[in-house]
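Using the sequences and the hints given, assemble the complete structure.
Protein chains in written order, with this note's numbering: chain A, 36 to 280; chain B, 36 to 280; chain C, 36 to 280; chain D, 36 to 280; chain E, 36 to 280; chain F, 36 to 280.
In case anyone wonders, no lab produced these hints; they're calculated from the structure.
This list has only true hints and no planted wrong ones.
One copy or two, it doesn't matter: identical chains are merged, so the pair holds either way.
Taking lysine-lysine pairs in the BS3-like style, the calculated list, with each CA pair at most 27 Å apart, reads:
{"id": "1", "residue 1": "Lys218", "residue 2": "Lys37"}
{"id": "2", "residue 1": "Lys190", "residue 2": "Lys225"}
{"id": "3", "residue 1": "Lys51", "residue 2": "Lys218"}
{"id": "4", "residue 1": "Lys190", "residue 2": "Lys218"}
{"id": "5", "residue 1": "Lys37", "residue 2": "Lys51"}
{"id": "6", "residue 1": "Lys191", "residue 2": "Lys218"}
{"id": "7", "residue 1": "Lys225", "residue 2": "Lys191"}
Chain by chain, the residues:
Number of protein chains: 6
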Amino acid sequence: MKLHLSSWPEVEAYLKTSRGIVIPIGSTEQHGPNGLIGTDALCPEIIAGEAADAAGFLVGPTFNVGMAQHHLDFPGSMTLRPSTMIAALQDWITSLVRTGFDRIYFLNGHGGNITTLNAAFCEFYAEYSLRGEACPVRLTQNNWWQLPGVMDVCKKHFPVGEGGHATPSEVSVTYYAYPEAIKSVEMHPKIAPSGRFADAADFRASFPDGRCGSDPAQASPEAGARIVEAARTALVRDVAAFFAS
Amino acid sequence: MKLHLSSWPEVEAYLKTSRGIVIPIGSTEQHGPNGLIGTDALCPEIIAGEAADAAGFLVGPTFNVGMAQHHLDFPGSMTLRPSTMIAALQDWITSLVRTGFDRIYFLNGHGGNITTLNAAFCEFYAEYSLRGEACPVRLTQNNWWQLPGVMDVCKKHFPVGEGGHATPSEVSVTYYAYPEAIKSVEMHPKIAPSGRFADAADFRASFPDGRCGSDPAQASPEAGARIVEAARTALVRDVAAFFAS
Amino acid sequence: MKLHLSSWPEVEAYLKTSRGIVIPIGSTEQHGPNGLIGTDALCPEIIAGEAADAAGFLVGPTFNVGMAQHHLDFPGSMTLRPSTMIAALQDWITSLVRTGFDRIYFLNGHGGNITTLNAAFCEFYAEYSLRGEACPVRLTQNNWWQLPGVMDVCKKHFPVGEGGHATPSEVSVTYYAYPEAIKSVEMHPKIAPSGRFADAADFRASFPDGRCGSDPAQASPEAGARIVEAARTALVRDVAAFFAS
Amino acid sequence: MKLHLSSWPEVEAYLKTSRGIVIPIGSTEQHGPNGLIGTDALCPEIIAGEAADAAGFLVGPTFNVGMAQHHLDFPGSMTLRPSTMIAALQDWITSLVRTGFDRIYFLNGHGGNITTLNAAFCEFYAEYSLRGEACPVRLTQNNWWQLPGVMDVCKKHFPVGEGGHATPSEVSVTYYAYPEAIKSVEMHPKIAPSGRFADAADFRASFPDGRCGSDPAQASPEAGARIVEAARTALVRDVAAFFAS
Amino acid sequence: MKLHLSSWPEVEAYLKTSRGIVIPIGSTEQHGPNGLIGTDALCPEIIAGEAADAAGFLVGPTFNVGMAQHHLDFPGSMTLRPSTMIAALQDWITSLVRTGFDRIYFLNGHGGNITTLNAAFCEFYAEYSLRGEACPVRLTQNNWWQLPGVMDVCKKHFPVGEGGHATPSEVSVTYYAYPEAIKSVEMHPKIAPSGRFADAADFRASFPDGRCGSDPAQASPEAGARIVEAARTALVRDVAAFFAS
Amino acid sequence: MKLHLSSWPEVEAYLKTSRGIVIPIGSTEQHGPNGLIGTDALCPEIIAGEAADAAGFLVGPTFNVGMAQHHLDFPGSMTLRPSTMIAALQDWITSLVRTGFDRIYFLNGHGGNITTLNAAFCEFYAEYSLRGEACPVRLTQNNWWQLPGVMDVCKKHFPVGEGGHATPSEVSVTYYAYPEAIKSVEMHPKIAPSGRFADAADFRASFPDGRCGSDPAQASPEAGARIVEAARTALVRDVAAFFAS
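What follows is the structure in structure tokens.
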């Protein structure tokens, strides 16, 4: 069930059975020579969408521009400052709580979001803690690639060159869902360098084509289908447990 | 061409031919008994997507939660505070400018966004104006239903009961694109009341089922197809003129 | 009755008869070769002041620096960023509500304020909407030149060259109230160019002497008197209706 | 010369002779049983206006709502939060600097503004200091009643009951300029209590009719004329010294 | 009793006897050729620590980076912007109030903090005043050198060259507590210049070695011991009076 | 070398040999029945201080109140909201960069700080990335207990009951440095429960005496000495590597 495709009476009915919602959260940022700029938003959107179809839980709109300051040297990348992202998430969460939700599960597609998203949760809880009021809401985040069993499937398909950014796994997930966007690009070097980074200039200097440690030329819609299948199954279980917590 | 389905080298190539981008901007809010909560985000996304396919311009991610405080008494509605929305738009715009864009066209799907979006433009320009630096960027917004010729098509299909919120026209656009989400609901009264509103409690008191002046039971995917066709054509022209300005 | 010339016991007595107040809101910005920099603040202050004398309602202090970023290339112009203006208006409104007012009517003198002022209203309402509390306060804004009948008088006096900024009508209103500030300046061209603008550099490039579409050399205190008379009469009616709403 | 009554070419000409401006800054707050709510804004406005007429310097718009949280238990009082006031002053100062001013003299009428106004100055300077850039601008504030010689005149007229808030001196200044607003009220007790305060409830508990240590029933337009005369003379000298610094 | 060396059950027990706490507040900024960068934080920390040992009241953590924008041209100086300092102090105060304190005494070591600290108090009170709720909390600040009797001791030891920044008295206090940090530096000129300042560049231009009006070469741990003794005694009395207020 | 005990000429000299600084960052929060409220600030302060003495690098002031909203149900706990903490850290970092530092190493003592501290780093880098300027500064954070070899020592001393909050290891570190603050308390149960938490009420409900999974009754100054020794040695190496990066 997708919030954007539902009417309010349908949501009202849903809330009588569950007060939980899943929010895909990603980023709009370069993903190397053949990866989609929307990869990190699309992956959790795809996985959450299939899981919702399977299990009947509600999926909200995708938080589609995240914290990606380090990618800004590549055309088409976008970022929120962490302070802006915290403010926007406060409004998203507060709105959802206002109309009846008390379990909000963020399915995350971007490593760069993790800390700011957690900070936003603390910002939300802090309002209650500082007022001395018990907060009836629970927030959680999980990266789709860390759902139980998912990384096993990824490694099976891509034992070499999975890397950390613009991975063949995440590119596969998007190729599975958007085959019209498949791009064939030769990678030089085959496996990108790895390492740490600070700001956008530093990132680009270390990772000239945008990849980190990966060989996404291996990506395929078939692998994507398997990964999504594994992630969807795991997500259904994880969400059920969280909503019941 | 969609930013989320493009790679950064594709965007780099695009920027050599055009420095313009279209951002669909909408809202996540109740749209009456049979309208989709995502209506205001989906409509500009659908229209911009088709126009982009036809004309080759670039469409960015949809700004999908807008200023909808007055809808918060209906389940599933979400809002940004105006101050948060201005901050988020600053980051979106600044990011796009940073990687090479200088014409940003917001195709808007929600009346409640208009003033805050304009305020955000002024916030962006003010940074240049206060520094005494000429701003090379131009920002514009247009409501899809006010593109030349669109309202004529809407009125032809719905001479009665178009109204102002949860209109048969906007519901038709979403039914055209998402036929699986069509909902059949009887409306009482047939045409909803009209009027002004302030906060969410006030809105709900005046518009108990969420519609304003409309009869969206008339909505059909066929009408939606015609409206999208008219809007797409007009948008292609409008965007071309803006990018060339 | 003017708040600034009243004592608190007088306001306490007034609040027993009415909980409404009128706030003139304007701008401090260039108004062409012969227009006053305070024009947009002075006009609503003059009109509200006369209407208050006639009808006995309360007028608060003038919000005298508004959103005028596009005028900053002309000496003496001042602006608030939209985000600052929203914050300041929150404090003004919250203060007035705190001491007993629940109908606040902003009489606006500057087109550039409209969207930010509306965004500020939404910011105020959003606090209630997000808390799920009914807001007992109503806010409204009206431009003095759009009060019923006013533009007719303006057009009668200035059938040609009214334009959009530094209009003969607004300059006349200030000349009527401040005859000591009348300035005689020849305009070249007689009627200023019209068009759109973005930031301050863009505005100055398009409108070199600060006027937009107008010939304010026609301004006269006599015309100002007529315009104020029409506006005052219309305002008294409009305010009464709003306070009674 | 008043900014609000000047045209931009007049300000341009003025800037060739001086880059200084005076900003009256006050408050909108109760001033006891017979004092005007606008007292703290009107006093510096009146004094700066007369001094400007005498000496030819430029006076900007009055910053008319200040930091007056402790008065909010009295009808008609208004406040900015300190953080809002700092933000607004940043925009005022930055605007003035942008169009050519580099000496900004705040003539203050409200003790409650002093610390926040100073914090705002530091906020402005800090931008330069953190960037490592020399700031060409100088900001200063002075309370009109502390200009050399003014308190002598006040004490001569009101040897007893001057007090600290709603003083006969400040009330006299407004009565001199606005004789139509003179109010005759008996005070009980004749001299109000003195002491410290925290929030609005605390203030009202300690100072039930709003006065602190004063007997403003003594106020007269004649005394006001003398005080303004002394203040105007002192201000002319003080401003000249500051502009020349 | 020091908060940082206490357990929460000890604080719980303390709160049954007193709801007051002392917060040392200082700055991290240059203090001339022989003064410690931590001087303004260390002095109130030392004095409050000794007084707490003597009298048994509770001392919280030191707010150790303050408003010192004017010192940023000297290595090792740090500042908070006033707006940041207000926000941080809100959180400190709100936290303390949340867990049971209602009298918070800031012992200040830095003149540059005074106005921003007062603005922060007003920001805190304003929340209550705008809500129309009586605030049960009282906040106060005092500079350690202005505690009764302290300046007499300072003047006795340093009749000449006390000055205003990097004074022999404050340097002595730190030398007393940290004899390992005593530095022997010849001063040229013996007594530093005095005067006003704006931003960091202006400060350094006027005070090339960082001192203002002082000769801190006179500093000694022996003088420091006397000063601390006087300050400690006075503080015990002042805190007791405030906690009992 | 400690910034607070240095003079600015000493820092100037230091900057000729190194542009790096270490900032201890902790929290002020309950640490169970026998742990110090300052534990998380004191531990990194102690370790960094000893390492600085050994290796000669510079240690700045301790950021002593962190993100601890979940502890606010225990007396004496304090928190910054994440958004405030980001703002404060921006000013700390910007100040240090302003006066010459380009490697800032945060030695962290509190798990709750990690995400917000990382978000603050991103906020800092984002300013450069959005401007399109290469950032010359590098920021890093490390938890003292995760320095190479430290946990081995902890586990050797406390094979059982180390837990996650109010651990015997951290309590030992503070007991080593502040033997006067050693507290003897019996723990019930011996080992505290483990688990997750959200806001302060939730934390207290799950962890009634404030400990998580630990038995800090085992803490001893002797163990603390060993742990500090291990941490100091590791830190010297880690800092050297970072400063040389």
